[in-house]
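Fit chain B to the supplied structure of chain A, relying on the hints for placement.
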Amino acid sequence: DQQVKQNSPSLSVQEGRISILNCDYTNSMFDYFLWYKKYPAEGPTFLISISSIKDKNEDGRFTVFLNKSAKHLSLHIVPSQPGDSAVYFCAASWGRNSGNTPLVFGKGTRLSVIA
Amino acid sequence: DAGITQSPRHKVTETGTPVTLRCHQTENHRYMYWYRQDPGHGLRLIHYSYGVKDTDKGEVSDGYSVSRSKTEDFLLTLESATSSQTSVYFCAISTRTGLGETQYFGPGTRLLVL
Numbered sequence: 001d002q003q004v005k006q007n008s009p010s011l012s013v014q015e016g017r018i019s020i021l022n023c024d025y026t027n028s029m030f031d032y033f034l035w036y037k038k039y040p041a042e043g044p045t046f047l048i049s050i051s052s053i054k055d056k057n058e059d060g061r062f063t064v065f066l067n068k069s070a071k072h073l074s075l076h077i078v079p080s081q082p083g084d085s086a087v088y089f090c091a092a093s094w095g096r097n098s099g100n101t102p103l104v105f106g107k108g109t110r111l112s113v114i115a
Numbered sequence: 116d117a118g119i120t121q122s123p124r125h126k127v128t129e130t131g132t133p134v135t136l137r138c139h140q141t142e143n144h145r146y147m148y149w150y151r152q153d154p155g156h157g158l159r160l161i162h163y164s165y166g167v168k169d170t171d172k173g174e175v176s177d178g179y180s181v182s183r184s185k186t187e188d189f190l191l192t193l194e195s196a197t198s199s200q201t202s203v204y205f206c207a208i209s210t211r212t213g214l215g216e217t218q219y220f221g222p223g224t225r226l227l228v229l
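Line order of the protein sequences matches chains A and B. So in my numbering, spot 110 of the first sequence is number 110, and the numbers just go up one at a time. So in my numbering, spot 52 of the second sequence is number 167, and the numbers just go up one at a time.
With the rest of the complex left out, here is chain A (with noise of 0.2 Å):
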């Protein structure tokens, strides 16, 4: 049963609108959550991350948003650029418990970004 669920299997943007990109979670023992960018022939990148403590996190045209209750996090980029077109990758960990437990990750949103 998949722990992290990234619903939609792509997505389509325009050149300076916002890119919204959806992540669900099952366990509510997740308290770390990662976004990921990966071009094609290159390993994936650590874009930007959440702890539970907080419920945004900014980083230029990158924000992440964590909803708790409702056990879903987004990643918005503002705005888009033909650049930004890639694979994303949701993840989660039990942050400070995570002990030797891996992350967890979703299977991946591509993003295309049309000029």
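Incorrect hints may appear among the rest.
Under 7 Å between C-beta atoms, here's a sample of chain B residues computed to sit facing chain A [what the hints assert, rightly or not]:
no.: 1; residue: L193
no.: 2; residue: G215
no.: 3; residue: E216
no.: 4; residue: P222
Below, simulated DSSO-like cross-link-like pairs (lysine-lysine); rule was C-alpha separation at most 27 Å, straight line [stated by the list, open to error]:
no.: 5; chain 1: B; residue 1: K168; chain 2: A; residue 2: K37
no.: 6; chain 1: A; residue 1: K107; chain 2: B; residue 2: K126
no.: 7; chain 1: B; residue 1: K185; chain 2: B; residue 2: K168
no.: 8; chain 1: A; residue 1: K56; chain 2: A; residue 2: K5
no.: 9; chain 1: A; residue 1: K5; chain 2: B; residue 2: K172
no.: 10; chain 1: A; residue 1: K56; chain 2: A; residue 2: K71
no.: 11; chain 1: B; residue 1: K172; chain 2: A; residue 2: K37
no.: 12; chain 1: A; residue 1: K56; chain 2: A; residue 2: K68
no.: 13; chain 1: A; residue 1: K5; chain 2: A; residue 2: K37
no.: 14; chain 1: A; residue 1: K37; chain 2: A; residue 2: K54
no.: 15; chain 1: A; residue 1: K71; chain 2: A; residue 2: K107
no.: 16; chain 1: B; residue 1: K126; chain 2: B; residue 2: K172
no.: 17; chain 1: B; residue 1: K185; chain 2: B; residue 2: K172
no.: 18; chain 1: A; residue 1: K107; chain 2: B; residue 2: K172
no.: 19; chain 1: A; residue 1: K68; chain 2: A; residue 2: K37
Simulated coverage check for chain A against chain B, where a stretch passes if three residues somewhere in it have a Cβ under 8 Å from a Cβ of chain B [stated by the list, open to error]:
no.: 20; region: 23-34
no.: 21; region: 44-55
no.: 22; region: 106-113
Calculated from the structure, these hints are not laboratory results. Just so it is clear, CB atoms sit at the ideal spot from N, CA and C, and this is done for glycine as well.
Relative to the frame of chain A, chain B by itself:
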């Protein structure tokens, strides 16, 4: 760049042959991971290591083994390669803070099993 290299970067092999992929890191990280990425499946964890000689299975470990005899190297072996193991393989290390774990990935190895 987390100082991770993977070798080889590309490999073509035949069904039934053993294959070993190498992950090398230069920053003395304790945790290392092997993933495979396939269309429709995202990143799936094969094996991971939490120290020298300490390893554990991930969700898709069948047909794979790992070894970690020194901190900097984590080897993934396909004991007898099958066509279903054609994939892109990523190694990762992780850093852990008081908030949680962040993983950093290598550039990947593209493996084709004929």
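Can you confirm whether the C-alpha distance between A/K71 and A/K107 stays at or below 27 Å?
Roughly 17 Å separates the two Cα atoms, so the pair holds.
So if I understand the rule, the pair passes when the alpha-carbon distance is 27 Å or less; does A/K56 with A/K71 pass?
holds (14 Å)
Going straight from one Cα to the other, do A/K56 and A/K68 come out at no more than 27 Å?
Between A/K56 and A/K68 the Cα gap is close to 11 Å, so the pair holds against 27 Å.
Do the numbers back the hint for B/G215, that is, is its least Cβ distance to chain A under 7 Å?
holds (3 Å)
Take the region 23-34 of chain A, compare each residue's beta carbon with every beta carbon of chain B, and decide whether three or more fall closer than 8 Å.
holds (count 3)
Sort out whether A/K37 lies within 27 Å of A/K68, counting only the CA atoms.
holds (23 Å)
Going by Cβ atoms only, is B/E216 closer than 7 Å to chain A?
Because about 5 Å separates B/E216 from the closest Cβ in chain A, which is inside the 7 Å limit, the hint holds.
Does the nearest C-beta of chain A fall within a distance shorter than 7 Å of the C-beta of B/P222?
At about 5 Å, which falls below the 7 Å cut-off, the nearest Cβ of chain A leaves the hint on B/P222 intact, so it holds.
For the pair supplied as a hint, B/K172 and A/K37, is the alpha-carbon distance within the 27 Å limit?
Distance of about 25 Å is within 27 Å: holds.
Between B/K185 and B/K168, does the CA-CA distance stay at or below 27 Å?
holds (8 Å)
Run the distance test for A/K5 versus B/K172: straight-line Cα separation, threshold 27 Å.
holds (22 Å)
Verify the proposed pairing of A/K107 with B/K126, using a straight-line Cα cut of 27 Å.
holds (25 Å)
Against the hints set out earlier in the document, violations occur for numbers 1, 5.
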